[in-house]
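Peer 1: The listed protein sequences correspond, in order, to chains A and B. Under my numbering, think of the first position of the first sequence as 443, with each following residue one higher. Under my numbering, think of the first position of the second sequence as 11, with each following residue one higher.
Quick caveat, the hints were computed from the structure, so don't treat them as lab data. Since this is a predicted model, take the numbers as computed values, not measurements. Where hints are given, some of them may not hold.
[As the list claims (entries may be wrong)] Simulated crosslink set (DSS-like; lysine-lysine; CA at most 27 Å straight-line):
(1) B:K79 with A:K448
(2) A:K613 with B:K54
(3) B:K34 with B:K54
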Amino acid sequence: MSIFDKFEQLAAARQELENNCGTFFNVVMEEILSGTEAVVNGRPTILAGSNNYLGLSFDPDCVDAACKAARKEGTGTTGSRMANGTFSGHLALEQELAEFFNRQSAIVFSTGYVANLAMLSTLVGPGDIILLDADCHASIYDGCRLGDAEVHRFRHNDPQDLEKRLMRLEKRNTNILVVVEGLYSMMGDRAPLADIVAVKDKHGAYLLLDEAHSLGVLGANGRGLAEEDGVENGVDFVVGTFSKSLGAIGGFCASNHPELNLARYASRPYVFTASSSPSVIASTRTALKILQKRSELRDRLWDNAQRLYRKLQDLNFSVGPEPSPIVAVRLEDKAEALALWSGLLENGVYVNLVLPPATPDGNCLLRSSVSAGHTPEQMDRICEAFTAVRKAVKTV
Amino acid sequence: MQVNENIIEELTRILQPFVPQGLKIEEETDLVSDLGLDSLKVMKIVESVEDSLDISIPLNILPEVRTVKDFALQIQKLIGDG
Numbered sequence: 443m444s445i446f447d448k449f450e451q452l453a454a455a456r457q458e459l460e461n462n463c464g465t466f467f468n469v470v471m472e473e474i475l476s477g478t479e480a481v482v483n484g485r486p487t488i489l490a491g492s493n494n495y496l497g498l499s500f501d502p503d504c505v506d507a508a509c510k511a512a513r514k515e516g517t518g519t520t521g522s523r524m525a526n527g528t529f530s531g532h533l534a535l536e537q538e539l540a541e542f543f544n545r546q547s548a549i550v551f552s553t554g555y556v557a558n559l560a561m562l563s564t565l566v567g568p569g570d571i572i573l574l575d576a577d578c579h580a581s582i583y584d585g586c587r588l589g590d591a592e593v594h595r596f597r598h599n600d601p602q603d604l605e606k607r608l609m610r611l612e613k614r615n616t617n618i619l620v621v622v623e624g625l626y627s628m629m630g631d632r633a634p635l636a637d638i639v640a641v642k643d644k645h646g647a648y649l650l651l652d653e654a655h656s657l658g659v660l661g662a663n664g665r666g667l668a669e670e671d672g673v674e675n676g677v678d679f680v681v682g683t684f685s686k687s688l689g690a691i692g693g694f695c696a697s698n699h700p701e702l703n704l705a706r707y708a709s710r711p712y713v714f715t716a717s718s719s720p721s722v723i724a725s726t727r728t729a730l731k732i733l734q735k736r737s738e739l740r741d742r743l744w745d746n747a748q749r750l751y752r753k754l755q756d757l758n759f760s761v762g763p764e765p766s767p768i769v770a771v772r773l774e775d776k777a778e779a780l781a782l783w784s785g786l787l788e789n790g791v792y793v794n795l796v797l798p799p800a801t802p803d804g805n806c807l808l809r810s811s812v813s814a815g816h817t818p819e820q821m822d823r824i825c826e827a828f829t830a831v832r833k834a835v836k837t838v
Numbered sequence: 011m012q013v014n015e016n017i018i019e020e021l022t023r024i025l026q027p028f029v030p031q032g033l034k035i036e037e038e039t040d041l042v043s044d045l046g047l048d049s050l051k052v053m054k055i056v057e058s059v060e061d062s063l064d065i066s067i068p069l070n071i072l073p074e075v076r077t078v079k080d081f082a083l084q085i086q087k088l089i090g091d092g
């Protein structure tokens, strides 16, 4: 018996995948050509699964800002925010995020994952309750596990089920934090936020909204689903990431609760990790300004999203419930999913292949995400690749 | 601790559609190694038990649950705690 025995099942699953689809574990971006293209297996490949929604990872102003910051302040902070790792840039970005979201304050974290880990393990404690949407991201579940609150789930995007559970828990007479996401990362569907806000207000709960995939994507000013649905005042805590629309890495939480600032001192994921490097902070600050100024990026993103969604519908694929920059194809048959994914890669298009149990309903997913950076020609090639593999792998 | 027969009965009824036909569900049956339940199925089962018995089951108790009897005892405790 060894400590590695528990990996046996994983090893068997990996071997099976290796036998059926060897390339799955060998996707390396050998050369990055742009925000939407890289060389994979020696072949130029369009990236249609990168979450680079506004295409800002290669924006010249963002790259310049990162280079200047690295030259001026070094490659890393080499310290925690609580020690030597708070540079003026971190504080400036927190201020800019608070202003952008019209909130009293914001905290910047090293990644989006860490932001959820920090907030969910710190905001609620022993005796408190977290009530989360069943399809929440792993970082939310992990944050719950790190904290001491009692954790309950409600059925995905079902405000009635949320209310039923709130009523059951009401007699406990304790603090309840409801957790939902703006856009769900696997199927690209959005939360029925106005209904959720109404329910949580009725029952006196708090609401944390993860806008990881909706920041820069939804809302007239790109603030996300809460802005789009006109319910920003009903959201207590907005969490998000810099690694999608803002083209970098990092995370944040913004709130009107003045106590938010105290959370940073109580949060292990904030205290016990190094802070973001100066280049990341600088490019994120620039990207946040671009997000606010260049609404045409959002328009282009949605044009591309509508186009791919319609194309996959025309090809009779089982897609998510609504058009979104995340366009996912649901497949019951794993062999079909692997064949389609490999076929797309051979046709020069990379999308995400997501296998159970990482998917919401036990099916396989071919998950594409489009970008404002995809040119009309690249969108043509993505659509042509889907048409070609649809014809080659015909099992509907 | 003595497990309530009614809870075992209700739990068995809820588990039945999630396990291969012909597999017998007993108190000492292991949910994962005997019934082959994965995390997604376990979550669906938790939702069904909550609705059937009108209780709230915290995810925090799941690491303590290995067998049908373990699950039934946790449910019994939650009903008792009201």
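Peer 1: All hints, please: hold or fail.
Peer 2: Hints, verified against the model:
no.	hint	verdict
1	B:K79 with A:K448	holds, 24 Å
2	A:K613 with B:K54	holds, 25 Å
3	B:K34 with B:K54	holds, 20 Å
Every hint, counting from the list given before, is met by this structure.
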